[in-house]
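Protein chains: 2
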Amino acid sequence: MSGNIYIGVDMGGTAIKVGICDESGKLLHTYEGATGTEFGSDEVLDRMAKYVRKIVDDSPFEWDQVAGIGAGIAGFLDIPQGFVKLSANLGWRNVPVKQILEQKLGKPVTIDNDANVAALGEAWSGAGAGIPNVVCYTLGTGVGGGIIINGKIYQGFNGMAGELGHLQIVPDLEAIGCGCGQSGCLETVSSATGIIRMANDAVERGDKTTLSLVSEPITAKHVFDEARSGDEVSMRIVNRAAYYLGRSMAMLAVIVNPQRFILGGGVSKAGEILFQPIRENFKKYAPEAAQEGVEIVPAVLGNDAGVVGAAGLNLH
Amino acid sequence: MSGNIYIGVDMGGTAIKVGICDESGKLLHTYEGATGTEFGSDEVLDRMAKYVRKIVDDSPFEWDQVAGIGAGIAGFLDIPQGFVKLSANLGWRNVPVKQILEQKLGKPVTIDNDANVAALGEAWSGAGAGIPNVVCYTLGTGVGGGIIINGKIYQGFNGMAGELGHLQIVPDLEAIGCGCGQSGCLETVSSATGIIRMANDAVERGDKTTLSLVSEPITAKHVFDEARSGDEVSMRIVNRAAYYLGRSMAMLAVIVNPQRFILGGGVSKAGEILFQPIRENFKKYAPEAAQEGVEIVPAVLGNDAGVVGAAGLNLH
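So the sequences go chain by chain: F and Z. The opening residue of the first sequence carries number 224 in the working numbering; numbering runs sequentially from there. The opening residue of the second sequence carries number 224 in the working numbering; numbering runs sequentially from there.
No wet-lab data here; the hints were simulated from the structure. What you are looking at is a predicted structure, and each value in this text was computed from that prediction instead of being measured.
Where chains are identical, the list cannot tell them apart; a pair therefore holds if satisfied intra-copy or between any two copies.
Restricting the straight-line Cα-Cα distance to at most 20 Å, the calculated cross-link-like pairs of lysine to aspartate or glutamate (EDC-like) are: (1) K277 / D287; (2) K330 / D245; (3) K308 / E515; (4) K308 / E511; (5) K375 / D301; (6) K506 / D395; (7) K273 / E261.
The shape of chain F in the complex, shown without the other chains (with noise of 0.2 Å):
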């Protein structure tokens, strides 16, 4: 078969995944392997690159069609070095992955974080394709955020582009602590783990609730459920991470001005209950000006974006 293939790595603590898409982003192989993260970066590289030279091997292409391969890798990196500084779920530091898988590999290999390789995905060929300029949140144990601009990853001077979780939108008066230091920051509110944790106080404190009957440990999922089932704690539980959501859009609205916001990850599963709000607080806090003609929309790659983006990572 004839043309450019593009290799897709996501970088799993446990599973590294491998994908291979045309250039119009469409991912026809995948395999999945494990990490074996407990051996080490070494030997976490050289599955890797065995596991990239089989899905090749398996598919009808030649190793020659491969014009690159880009990972996903959540951390600290240097990008344009292609440096892991630090990544807490492979228990990395300093892994030069770029220089050591090219010299496995012989080939160009770009590496980006995991919230910006998902929004790559999604703006190649997901929810956001033909779209130039699209802004994307995940929405999963923290709030992950990628910025596409004309086609491409928007980094930032240092790399800090994008990091909308860190946007502090919470008023001082009712922010609470965030795991970066600040307060008040989006993802204190609108991940997984902001909307447990206010379950969590919520029946604590002995509010009237169906969460209080929920007999394993909480989720996002069970706060979700609750709320559609007619909760009011957890309807307001929903409503204040769509809130901040909601005016984190109209703020970038006026910053970015994106055409398509894009939202993915688990905690956007939940669907209209809490998209709707979300809608209803960005056309009430946008200008006019800046939210005719733009959408909010559900990502629809799910767990594939990570190896999609990757893969566009060096057509982009």
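With chain F's structure known, arrange chain Z on it following the hints.
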């Protein structure tokens, strides 16, 4: 003389300022003539074309060397179409500026709003020269903003990117209405108008302040002068204006993450009494990783920023 030249036009309500820049953004010649707003848009555009011809005729350059003409206009614009939807200070509605001027002058014409053009001027050959990503604030009657990414004005989907005056940054409980219809916008507290309002409020409610001894209508300069002389109420007003500017920069640091923030406009001339608390608040609220190497500096081109940036529209 050889090489391309770039013409910039700053369209004011009373004067049209025209300038010639070289390829490095150096302003070589300027000419200023009356706008004649009272005679309507046809006459104004005739004059503008005449001033452009005149400045080139009077210079050592040939008309053939003119690579393009840019104009900065305050108002609502359709920038790609070069169309003025509404300009309050020119009294214009639906004027196809680009089309008319290209016909009159036979050269490419580009328009953009005044805050964006001032930002581009500073980024090209002012306080941001050589820096790819900068964010500019123009602190005047309102708060204007401009975001420069890779040396170009970043417009966003609706041309609303960088409308920093309408960041709703003041918490609801302390917010007052803004001309835009929202409340709590940055320009309600950090513009000259906002500073004057806070000063008049203080005097009217009988706060103990030397501002009550000012015999003429209070200006922002009075407030800075009294603050410098030790008046506590004036100092509080300055600190409030600076606080929200610093916090807005902390937000921008995790969205755009520019290398440099540039502050221009009349209010920025207050100097260190304003810049010091802005820097303190930025340092306090921005995540460390997003402030490393980031500077907050005054604009250097003064009133020339508009004409230089307008000239740059056809190069950037």
